[in-house]
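> Sequence:
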Amino acid sequence: MSEDEISHPTTAQYRTVPLRPLNVTFDTDSITETSFKVMWEAPKGQSEFDKYQVSISQSRRQQTVLRDQGTSLEFRDNLDPGKTYQIVVKTVSGKVTSWPATGDVTLKPLPVQHLRSITNEKTGIVTVMWTPSNGSIQEEYRINYHEVETFNGDSSSMTTNATRYALESLLPGRNYSITVQAISKRVESNESTIYVVTRPSSPIIEDLKPLERGLNISWKSDVNSRQDEYEVVCIRNNTREIQIEKTIESRHEFRNLYPGGYYEIKVFALSHGTKNPNPPSNLRLEKMSSNSVLLSWEAPINSDFTEYSIKYRTDSENQWIRLPPVAYTEADVTDMTRGEKYTIQVNSVSHGVESSFPLYVNQTISPNAVEKITPIIDSNNITLEWPRPEGRIEKYLLMWWPTDQPEQITMKNVSEMRIEPPELEGTSEEYERTIVRILIDDLLSGVEYSFKIQTISYDLISDTTVLNERTRPLIQSSLTIVNTAHERESLTFIYTPTPQGSSKFDLYRFSLGDPSIPDKEKLANDNDKKITFNDLIPGRLYNISMWTVSGGVLSTPISLHERMYPDPITQLNATVVTDVEITLKWDIPKGEYTAFEVQYLKSDEHLVKNTTSDNQITITDLKPHRNYTFTVVVRSGTESSVLRDSIPVSAIFQTQESVPGRVETFQPTDVQPSQITFEWSLPSSEANGIIKEYIITYHQEGRKETYTKEFPPTQYEGILTNLLPGKIYIFKIQAKTAIGPGPETVHKEKMPILPPPQPDSHIVPIEVYRSSTTIQIRFRKNYFSEKNGPVINYTIIVAEDTSKNATGLEMPSWRDVQSYSVWPPYQVTEPYNPFLNGSVENFTIGVEKECPPHRIYCNGALKPGTVYGVKVRAFTDKFKFTDTAYSAIQTEQDNTSLIVAITIPMMLILILIMAILFLRRRRHSGRKTTESRINDNMSLPDSTIETTRPVLIKNFAEHYRLMSADSDFRFSEEFEELKQVGRDQPCTFADLPCNRPKNRFTNILPYDHSRFKLQPVDDDEGSDYINANYVPGHNSPREFIVTQGPLHSTRDDFWRMCWESNSRAIVMLTRCFEKGREKCDHYWPHDTTPVYYGDIKVTLLNDSHYPDWIITEFMMQRGDVQRIIRHFHFTTWPDFGVPNPPQTLARFVRAFRERVGPDQRPIVVHCSAGVGRSGTFITLDRILQQIQVADYVDIFGIVWCMRKERVWMVQTEQQYICIHQCLMAVLEGKENMSPAREIHENQGYEDDEGIAESGM
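Numbering-wise, the sequence shown is residues 1 to 1256 according to full-length UniProt numbering.
Treat the hints with care, since some could be wrong.
Claimed, not checked - Below, in silico cross-link-like pairs of lysine-lysine (PhoX-like), each with a Cα-Cα straight-line distance of 25 Å or less:
(1) LYS748 / LYS602
(2) LYS185 / LYS83
(3) LYS727 / LYS602
(4) LYS341 / LYS287
(5) LYS732 / LYS748
(6) LYS266 / LYS122
(7) LYS220 / LYS246
(8) LYS732 / LYS623
(9) LYS748 / LYS787
(10) LYS37 / LYS185
Don't read these hints as lab results, they were simulated from the structure.
Predicted, not measured: the structure shown is a model, and the values here were computed from it.
Could you put the whole structure together from the sequences, leaning on the hints where they help?
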């Protein structure tokens, strides 16, 4: 492309190799000496191909068979008898051939010639002899003989590689048919046959008795000899008088002999009627014509015969043609083939028995001349083509010379065996075999030549055929169109001349290929090389041709296609205009055209092109209230046949106004329990007119009441109020034009329920009555506003020590706090709603004397004379609540004993004194702590910045003692400084509506900057989100991925995170259920059966159980990729507080690090919320590695850094203290000991997950 113009495409096509044909076989009935028929099967299966290519492997000749012309082909030409050929068959697709299929075929050898026999006069053995045919291949010969006059007579077969064979086993007195066949690779030729009568065995005279005037003779014959009769010859010796008698008996009696005469008696056995006659003699040719000869001969001497046998054959055939027998010594042989060499045999016959020595004569007939020559002319060659003359042709003799130079004669002998049949499409095989084509090349262009053609056969030459033809002149010119742009009615081009020395020619000729337009000519020496044709038709394609002409013979043309530019249209009108359609109509231009192209720009700046053959078109799918510029171009031709476009004609039309499109963006920006703020946008491309207003309708799901609010067209934000918290509303927005409102965009939103607003500090439960073990309080329904949702339940919180945390969802029960000397906050009862029928509730605390073990919460007795803080907790949801301030109420003293009455005042006085001393000491130690952080000689001198608090390891024991003094006062103060670390960082993605259901707790959300991002799935909004953050470790700033305990709905995302992060270890620090509540989904397989989580298959390989943890190996597989990941599950973290003893956690960290090296990261860590226990584990892992390489530890700095990456890491003060306790146990060498008491007496009880759920 160049400046939005697109060139013609360059196309390359490639073909795959087609399937090959199958099962190449041969028709045995078609195999002759010079031909055979090959057959094959089409390829099995789907394959595209055009034709079959069939060839003989020893030859370069190839023949083709179109796919629809069958699966066989006959070969007839240029084949050698007796030769074995390998036939190769391929399928062809375009120019690509398949792998070959082959088969071998052996042709019949030619029959043997001059088959004859000789009988040994002494032994009677018959020897047959023959001559092999010239040009035939054979390895051996088969000889068969059998008696011809019997059904089951003597017969036998034998083979030899010699050309003569003695048949020693022939029986005497038999008439045998003897055949000889040439054999080439077990293929036999046609038979050559002679008939031989064996001489019967001589009789043996047994008895000769003289009679009066006669003789009585008897004889016997060989049992194997067969004779028809006996001939008895009686010769009188002195007179040579002969008496011959014939008899079929083996005895004979001569009568009337001369008395006393001396006689010679001979007995002959006669077989088949007579003896072989003598042959004729002096065979000669008396007269010859073009296709006949007259023969004459002399009769045999001293022999009886009945007739003459006359046979003839050609040298190329072995089959004798027998003429009717004649009785005279003359015969006429007719209908002989021209050009053939004949062998003629004449023999004498006596009662069907031929002489053993026939006469032969040879005669050759002159060949036919060539007729009906068709010349095929080219610039430097002429191909002469004629029907093959009848008869035998060995070769053709051609002579030619330039007509004006008869002395330059050239000769050419062409053997008919070398002439290729013409490859003409649509012609039959019979036609191809009767056409001769000979190429005469190296001729001069444009010159007239004279030709003489003769045929030759056996050195005889036919009559001469004469022909004169002129070669085509050469053309070496080029054409160039010089038309001006958009010329529509005239065509001008120039040409370069053809050099006069390259070819002989007279003039140039030009044509446009239109019979109505006369051709133009220019002389060869004309200097004006410009040609113009006028009055042409616009848009028409002209085929420009140019020739050189010599003596009326045209050269091969050079051609050029040029199309005239079509006329443009003159008027463009819109006949129908709607909001989405415009119908255009225009006038029809003169001349020729193919189509009209209508172009216009869509709203997305995409150029649309529509093509039509009519002079009007309806354009659809337009945008309402838009201006469109339509351009009509007249097109003539196609991309493949010279395309020309007219000058474009344009006009602008506007669609009508319509209803607007759908509001694109309709999302809430602020959602409060009773009101919602929306923002929306409508793309200008969807206005479809002038926007009058935006209308939002909404209703509560399941309710019919609908509310409507209109907003002006320039306002893109609005607030809807007076909504009910916790209810699901369906909001719909529409834009409106003068035509009407557009389609609705719908948003469904559940109004949130938040904890009730915090009551004023003076709103507390009121004391109604008290005793030594009970307190009755009163509170009202209006203590809590229902602005954030209706209050559904209430409960009572009681605390003796009100400074302890009391914001957890799962509060300790009365039973849980009995082990404390000073009761921390506990929950008195299960949540309940006392205001179903009233607005005031009186509740008595401490009324239950016994607490059933199956109940979680128990309203047990209070301690006498004790000040309790009492507050009311109200719930709008299971996990959302707000407390009143504490109301301080003291139970009555127990005056049952005088001792008690005396002791209690003393104890009160003592407690008061201690409280005063404690408060003074605390104020003093507070000031001292502030000063010590500046001057503490146990800290590193250069590490006094706020975010780090490094402590030398050698001083850590003293540091721990100071921090835990005064009821862990300094731990409380230091941990309080971490409370707001990182809390100002955004959690935008976690709070998206599509991601909220993926969070286990609404207030434990990952920061945007450090959250782990999954690979997005199909542009699905929120598919990259999981509640997880990268958290730094000792070896890498992204050593850990800390996440919440997977929900059932997010466990697929959890495994996807493990896979995409390439993690090889998971640390789990919670049980799936604690205190009857789900803390984490069982996200791994229960047994060795593989389980799919999304597209990741997880298989349990093995697990190892220890007293406090379980280590499991899983195989993760995605596609063909497999990975091993270990799962470290700490199982004894108590429901409240921290591990007891804390060394247990240190041992777990050690066991983890023994199996996971520092380079195997990131490591996935989770508890339930993924903050408290997870942060404790990571901190302990870091300091246990830090003390190996450094002389200090910085627990405060580690927690500070983690809280910058994920909210509330190390969530409670007790967990913070536990980290210090674990380190103390390690430094004191008590890591593997189980002490009888806790290292730290002030046991923590807060559950980190409870705090998370509380809504802090």
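> Output the indices of the hints that this structure fails to meet, ascending.
1, 3
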